[in-house]
Amino acid sequence: MRRMFLVLENDLRRRLKAPLAIVIFIAIPLAMTGLIGVIFGPRAEESRLPPIPVLLVDHDKSIASKLILSSFDVDQMKKMFQVTVTDEAEGHRRMEAGKASAMVVIPERFTLDLLETKPVTFQVVKNPAEQFLPDVVEEFMRTMGVILSAVIQAFEDEVRGLRFMIETPLESFSWETLGPELGKAQKKMIAASKYLDPLLIRLKEEETKATGAKTRISRADLFSMILPGMAVMFLLFIVQTVMRDIISDREDGKLRRMMTTPLRPMELIAARLLSGWVTGMAVLLIMAAAGTLIFHVTWGPFGYFLWLSAAASFWTAAFFALFHALVRNRNQAGAFSAPIILAFSIFGGSMMNPEAMPQAFRAVGILTPNRWFIDGAAFIRDGGFPLIPILILAGSGIVLAALAVPALSRRIMV
Amino acid sequence: MLEIKNLTKSYGEVLALDRFSLELNPGEVLGLLGPNGAGKTTLISILAGTLRDFTGTVTFQGRNLFADRGLKNRLGIVPQEMAFYDELTAMDNLLFWGGLYDVPRTDIKRRAGELLELVELAGRGREPVKNFSGGMKRRLNTAIGLLHRPDLLLLDEPTVGIDVQAKVSILEIIRGVGAAGTAVIFTTHQLSEVETTCSRIAIMDRGRILAGGTLDDLVRIVGERDIVEIVGDFAAAPFSEALQDLAGSGVELLSAADGLASLAVSATEQIPRVMDRLFRARLAVTDMKIKSPSLETVFLKLTGRSLRD
Chain A
1 MRRMFLVLEN DLRRRLKAPL AIVIFIAIPL AMTGLIGVIF GPRAEESRLP PIPVLLVDHD
61 KSIASKLILS SFDVDQMKKM FQVTVTDEAE GHRRMEAGKA SAMVVIPERF TLDLLETKPV
121 TFQVVKNPAE QFLPDVVEEF MRTMGVILSA VIQAFEDEVR GLRFMIETPL ESFSWETLGP
181 ELGKAQKKMI AASKYLDPLL IRLKEEETKA TGAKTRISRA DLFSMILPGM AVMFLLFIVQ
241 TVMRDIISDR EDGKLRRMMT TPLRPMELIA ARLLSGWVTG MAVLLIMAAA GTLIFHVTWG
301 PFGYFLWLSA AASFWTAAFF ALFHALVRNR NQAGAFSAPI ILAFSIFGGS MMNPEAMPQA
361 FRAVGILTPN RWFIDGAAFI RDGGFPLIPI LILAGSGIVL AALAVPALSR RIMV
Chain B
1 MLEIKNLTKS YGEVLALDRF SLELNPGEVL GLLGPNGAGK TTLISILAGT LRDFTGTVTF
61 QGRNLFADRG LKNRLGIVPQ EMAFYDELTA MDNLLFWGGL YDVPRTDIKR RAGELLELVE
121 LAGRGREPVK NFSGGMKRRL NTAIGLLHRP DLLLLDEPTV GIDVQAKVSI LEIIRGVGAA
181 GTAVIFTTHQ LSEVETTCSR IAIMDRGRIL AGGTLDDLVR IVGERDIVEI VGDFAAAPFS
241 EALQDLAGSG VELLSAADGL ASLAVSATEQ IPRVMDRLFR ARLAVTDMKI KSPSLETVFL
301 KLTGRSLRD
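Just so you know, the protein sequences line up as chains A and B, in that order.
Each residue of the first sequence is one higher than the last, beginning at 1 in the working numbering.
Each residue of the second sequence is one higher than the last, beginning at 1 in the working numbering.
FYI, nobody ran anything at the bench for these hints, they're computed from the structure.
Errors might be hidden in some of the hints.
[As the list claims (entries may be wrong)] Here are the computed distance ranges between Cβ atoms for each label pair:
no., chain 1, residue 1, chain 2, residue 2, range
1, B, 70, A, 406, 20 to 30 Å
2, B, 131, A, 334, 19 to 29 Å
3, B, 36, A, 332, 50 to 60 Å
4, A, 292, B, 66, 31 to 41 Å
5, B, 12, A, 387, 23 to 33 Å
[Stated by the list, open to error] Below are the SDA-like pairs computed for lysine to any residue, each with C-alpha atoms no more than 20 Å apart in a straight line:
no., chain 1, residue 1, chain 2, residue 2
6, A, 17, B, 127
7, A, 118, A, 105
8, B, 109, A, 6
9, A, 254, B, 49
10, B, 5, B, 54
11, B, 5, B, 213
12, A, 254, B, 87
13, B, 109, A, 2
Note that beta-carbon positions come from the ideal geometry of N, C-alpha and C, so glycine has one too.
With these hints in hand, go ahead and build the complete structure from the sequences.
So, in structure tokens, the structure goes:
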């Protein structure tokens, strides 16, 4: 026992003396998680588009043009557009200087022509240096035109009365004539109100209420989903590196030298398994802590996570003990280990959501530690104890270790 | 103290040790001399307990070496490879490897300090071994084998690939260990090393000891004769044939290869007769040297080939 702990202590001391490989393997999954989260995560409030700068030239200066101007002034539109009223020459100067995305020109007699139901034309000057924003302004003005046309056509008679009111001097205006016109307008408004209140077509916003899903996925939630997959993938890489001592010590003659001492083969094998296990757990805990500090990842109850980490690390140590008992040399170990880890990670869901994978892939995924660790981590996040993932990882780990011990014993003695 | 009887080990069809027997007493430094493939490393590996599937017996301090695990504490091994951890310091390595034996931790620390002094690494003990030169690494490799004060020290070619200064230092350590009462088996194919270091020499080839004893004992095998080394443009077979009828008259052919042959002659007067036979056989001789008998001559006589073959 004393010698087993001495070998374990020596292995851990060596890791601490040359920690670069482990540091890199811890940093990579954190960096990848950060990148994926930033690229695919939901945007923060402050990252929304700024208001689109629009210049408005009003040659009409009458009711309809004021109506258009005031439509830009409602709260929702203020968030989208920043409107500056200017004259045409100044407007063109500013457009050429790239100070606005678009310039809307309302022609003279715009209101009067509308009231006479004659076709009228807005002019929208777009900034060619910008790709999408001028098109947004153009679309908005097109929609505005459609709405105005519909209103004018629906209230054609009333609009004529309105035109008469505008054109007639106040002293010769007969208020008696206004009564019937307003009466007709009232009837149309009442008829229209049947469709407007309540609206026949309404927009209802609703978010998913699926089991386990949160009402809105924040970026921290996304990190919480990505990091466990990355962590288990790089756990495999790190433990594989640690367990490679089995074969490199053999090739360098250190194993032979150890076997000339009173150290027993079983003590050595146990020390190496423990070394992989302890290193794996330490790495997972460091990644979890870093994930919490950097990305505000939530892991759920720490004790549960510790159990899951212990089971996953044990599985990984046992698997690579068996793997290194079967390969011939360190070159072969290097050549085979990376494809195996990548296959585990692809099928096990470290690289993509298992739900998005074909059924056959998902079936293979249940043979990987990645899948059980990711499922277990999700279960813990929801507050549950991941008994089944832990039992599967620990149970299959014991089977792997039981296969590895006799295979390694044979490899230790020539 | 050590008794090896009829040790036999083969790798498939190749016989690495052939009924090998040997006895060794405390304080004896035995140089095992042999060319590559002679079976030296196989012998060391079996004694160290890292090679199995052999026949024969090995008794150490009256007990079966392979049945009593406790005896491993009495055995020190210096392998051919630099078997230690490069990323650790010399002191850390000594503490780790020493810790695998049943030695109290405080004793290990004291002993590690002493050994670093002995191998002239005291000033570099806290430095990672990866910064060491080849010679320094070899000295550390030797020190690790001595940490637990073994009664039997096995060294497998401990001076391979190092400079003269480091070689001298290691040979000095081996002599010192022997003088302190530790039995030493030391394999090499460097004649000069065994001549200067060992109290006993065994010449080994094809898994067997061909001859053993002190340097003087071995030289006597060749006898009080001069050794003639002949260089020329000739093949081995016609050379041997030309000197065949001189065999009973004080001329002995020790070895003959294409272009190089060695003879032992009872008197220098025999040399003109040898040259005469070679001229008559139309064998071209370009150079000839007369030497005193040495271990190399013994080796040539016993194995029929040079150590480098």
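Against the structure, the hints come out as follows:
1. B:70 <-> A:406: 20 to 30 Å: holds (25 Å)
2. B:131 <-> A:334: 19 to 29 Å: Holds, since residue 131 (chain B) and residue 334 (chain A) (Cβ atoms, about 26 Å apart) stay within the stated range.
3. B:36 <-> A:332: 50 to 60 Å: Roughly 27 Å apart at Cβ, these two residues miss the hinted range, so it is violated.
4. A:292 <-> B:66: 31 to 41 Å: Cβ of residue 292 (chain A) to Cβ of residue 66 (chain B): about 55 Å, so the range 31 to 41 Å is violated.
5. B:12 <-> A:387: 23 to 33 Å: Check failed, 53 Å falls outside 23 to 33 Å.
6. A:17 <-> B:127: Distance of about 12 Å is within 20 Å: holds.
7. A:118 <-> A:105: holds (18 Å)
8. B:109 <-> A:6: Since the Cα atoms of residue 109 (chain B) and residue 6 (chain A) sit roughly 15 Å apart, the hinted pair holds (cutoff 20 Å).
9. A:254 <-> B:49: This hinted pair holds, its Cα atoms lying about 14 Å apart.
10. B:5 <-> B:54: The given pair, whose Cα atoms are some 12 Å apart, holds under the 20 Å limit.
11. B:5 <-> B:213: Within the cut-off at roughly 18 Å; holds.
12. A:254 <-> B:87: holds (14 Å)
13. B:109 <-> A:2: OK: residue 109 (chain B) and residue 2 (chain A) at ~17 Å, within 20 Å.
Violation of the numbered hints given earlier is confined to hints 3, 4 and 5; the remaining hints are satisfied by the structure.
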